[in-house]
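Chain A is already provided as a structure; the job is to place chain B on it using the hints.
Top to bottom, those sequences are chains A and B.
For the first sequence, the working numbering assigns the number 9 to the initial residue and increments by one for each residue that follows.
For the second sequence, the working numbering assigns the number 9 to the initial residue and increments by one for each residue that follows.
Quick caveat, the hints were computed from the structure, so don't treat them as lab data.
Ideal Cβ placement from N, Cα and C applies to all residues, glycine included.
Just to be clear, a hint being listed does not mean it is correct.
Covered by chain B, according to a simulated footprint, are these stretches of chain A (three or more residues, beta-carbon under 8 angstroms) [unchecked claim]:
id : stretch
1  : 27 to 38
2  : 296 to 303
3  : 312 to 322
Protein chains: 2
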Amino acid sequence: MKIGILGGGQLARMIALAGYPLGLSFIVLDPDNHAGAAGLSHHLLGAYNNPELLAKLADEADVVTYEFENVPADVAQFLASRTTVYPPANALAVAQDRLLEKNFFNQLKIGTAPYAAIDSLQDLQQAMPEIGYPAILKSRRMGYDGKGQFVVQSANDLDAAWESMNGAAAIVEGFVNFQREVSIIAARRPSGDIVFYPLSENRHRGGILRVAECRDNDPAQQQAESHVRLLLEALDYVGVIALELFDVNGSLLANEFAPRVHNSGHWTIEGAETSQFENHLRAILDLPLGSTQPRGHAAMVNFIGGLASDAELLSLNHVHLHLYDKAPRKGRKVAHATVRSDNRAEFQHSLNALEQLAEQVDNS
Amino acid sequence: MKIGILGGGQLARMIALAGYPLGLSFIVLDPDNHAGAAGLSHHLLGAYNNPELLAKLADEADVVTYEFENVPADVAQFLASRTTVYPPANALAVAQDRLLEKNFFNQLKIGTAPYAAIDSLQDLQQAMPEIGYPAILKSRRMGYDGKGQFVVQSANDLDAAWESMNGAAAIVEGFVNFQREVSIIAARRPSGDIVFYPLSENRHRGGILRVAECRDNDPAQQQAESHVRLLLEALDYVGVIALELFDVNGSLLANEFAPRVHNSGHWTIEGAETSQFENHLRAILDLPLGSTQPRGHAAMVNFIGGLASDAELLSLNHVHLHLYDKAPRKGRKVAHATVRSDNRAEFQHSLNALEQLAEQVDNS
Chain A
9 MKIGILGGGQ LARMIALAGY PLGLSFIVLD PDNHAGAAGL SHHLLGAYNN PELLAKLADE
69 ADVVTYEFEN VPADVAQFLA SRTTVYPPAN ALAVAQDRLL EKNFFNQLKI GTAPYAAIDS
129 LQDLQQAMPE IGYPAILKSR RMGYDGKGQF VVQSANDLDA AWESMNGAAA IVEGFVNFQR
189 EVSIIAARRP SGDIVFYPLS ENRHRGGILR VAECRDNDPA QQQAESHVRL LLEALDYVGV
249 IALELFDVNG SLLANEFAPR VHNSGHWTIE GAETSQFENH LRAILDLPLG STQPRGHAAM
309 VNFIGGLASD AELLSLNHVH LHLYDKAPRK GRKVAHATVR SDNRAEFQHS LNALEQLAEQ
369 VDNS
Chain B
9 MKIGILGGGQ LARMIALAGY PLGLSFIVLD PDNHAGAAGL SHHLLGAYNN PELLAKLADE
69 ADVVTYEFEN VPADVAQFLA SRTTVYPPAN ALAVAQDRLL EKNFFNQLKI GTAPYAAIDS
129 LQDLQQAMPE IGYPAILKSR RMGYDGKGQF VVQSANDLDA AWESMNGAAA IVEGFVNFQR
189 EVSIIAARRP SGDIVFYPLS ENRHRGGILR VAECRDNDPA QQQAESHVRL LLEALDYVGV
249 IALELFDVNG SLLANEFAPR VHNSGHWTIE GAETSQFENH LRAILDLPLG STQPRGHAAM
309 VNFIGGLASD AELLSLNHVH LHLYDKAPRK GRKVAHATVR SDNRAEFQHS LNALEQLAEQ
369 VDNS
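The shape of chain A in the complex, shown without the other chains (with noise of 0.2 angstroms):
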């Protein structure tokens, strides 16, 4: 079977490395010369929307995913004329559009922040007095890593917030006074099969993801899992989902989630029995899901703009290393490492000379 992926960034890296012990070989579409699954795949070079590509990218896959969510809803529909896509194109829809999501997860009765569409200055003016300060302007589509967001602290804020906006439609969201952030990740196969892994613990610093934890047994995860569930539901979903949650005094709620493999699941390529990975190869297609059984203690921390030398990260004990093949740039993931050992006290010492290990290069 060929699985075809739309990127060809470290998500697509990693879904092929996974793919290959499957038996599976894979195609990608992606406009970078120096993709990071380039190696690994048979690499259509173009950009996203080039018609020609997809067909070629559609006529020879088996299967066709994608490893970013903001997919064109015409390229996802030509994809789906030709062959079968998963995540469904309307998972896409909702997940790059900040306000469908947002309402969407209203209907489904998972808390969120409050907010309000914003489509002017005027709107902005209007909303703030029932949103309360600080507030986030954010586009409402693309953006990612906290790239298209404005922090609104006070009212004179609002007019160079709005500007910033470009005249482009909006959501302003009120801040939330979480104790922390996790996420879950879960997949769900055609014949309705769901599995979720125990839930990531999130630290971001800058609006990046720094450090994403395993939380075997957390007393969250039942409530997690619920909220993932009704999503899945709701969207006949197919593949590997990603919720990300504030957790506001044992309250978990919904802030977004992405139709894909996960950089906060990136610690179950060691640390679970199956990785989401594997798991989202296998939900597309229709094979029985892996177990989520987390392996010990397991943590991933991200390479950001820079990395340390091998040599000094694969001296580090319990720790396993993921390059992406990317030249180091400001504020660019470039790795990541996992933590992984069934020795708590272990486990947290190489945590620790790890980050630190990643503080020291930073450039983000």
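Showing chain B alone in chain A's frame:
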């Protein structure tokens, strides 16, 4: 860094899968258009002794290694004159000649079965009274998985045995009344650091490895480590080595060694902190070697000549699939699967189920 591999079969495939996360890329030379590592590497299609392709391999790769030991001496020499080649050529020379290999074991005072060099029918007739029946006549060079071998049951077999060698230089080996076959996988880097994996206990049928099981804390571990250490140091070896041993009442006799990653170490992908494939790469790149600590109970089952369906295999708990992208053919290894669990009873249950599946489709 780019790694060159002579041979692009399943071993090269698994080396490449272990190497991408370390940021490595691969170039392989293999005459098979459908080589298992082709999709994961720059594939030079041609004969192993094609001088232009060998030059290209040497020039593009920072280090060259191989996935089989029968590399012609002049090929190894040619590559070594142009780039770094690990493991060293002397290890190849010894490993590809059963007589040199046995002599080498004896020089190191590592016990073996009784043996004698056979260059003629007369040699064979003269040797047998001392070797004793039954015995095995083997060609000195080439041959694997029981090929190029003749079991001599009595003096009546001598003519036929010698004839089967087609005049090739041979060695006759006495049968060893062993309780079990084990192997030890170890890795050594240029600095001299060595790591040892827990023993594998191996079950063969028809001369082909069927099951290899990790034996943590085996009483024979120290003895095996001391044997393989002698080899590694005498050869000034770099890379992964596998030493196959007969356990005779707790005393380990050497059978043969392979200067490469080895089928009996495939369980290390999921069953050890660092796989043999990753440690082979770390060793030949002179990077710190990774922990060989086992992760729970682990074993590997080969699929010979046929394969159960993905759906059947992936339904089994604790099972990890490794397809080689090879068309099923009588006697051909097409895949292996690892069973791994922290729980002994669960492990044994899954291993039994997996072995049953493998036997049902066996075509060897």
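Hint numbers contradicted by this structure: No numbers; nothing is violated.
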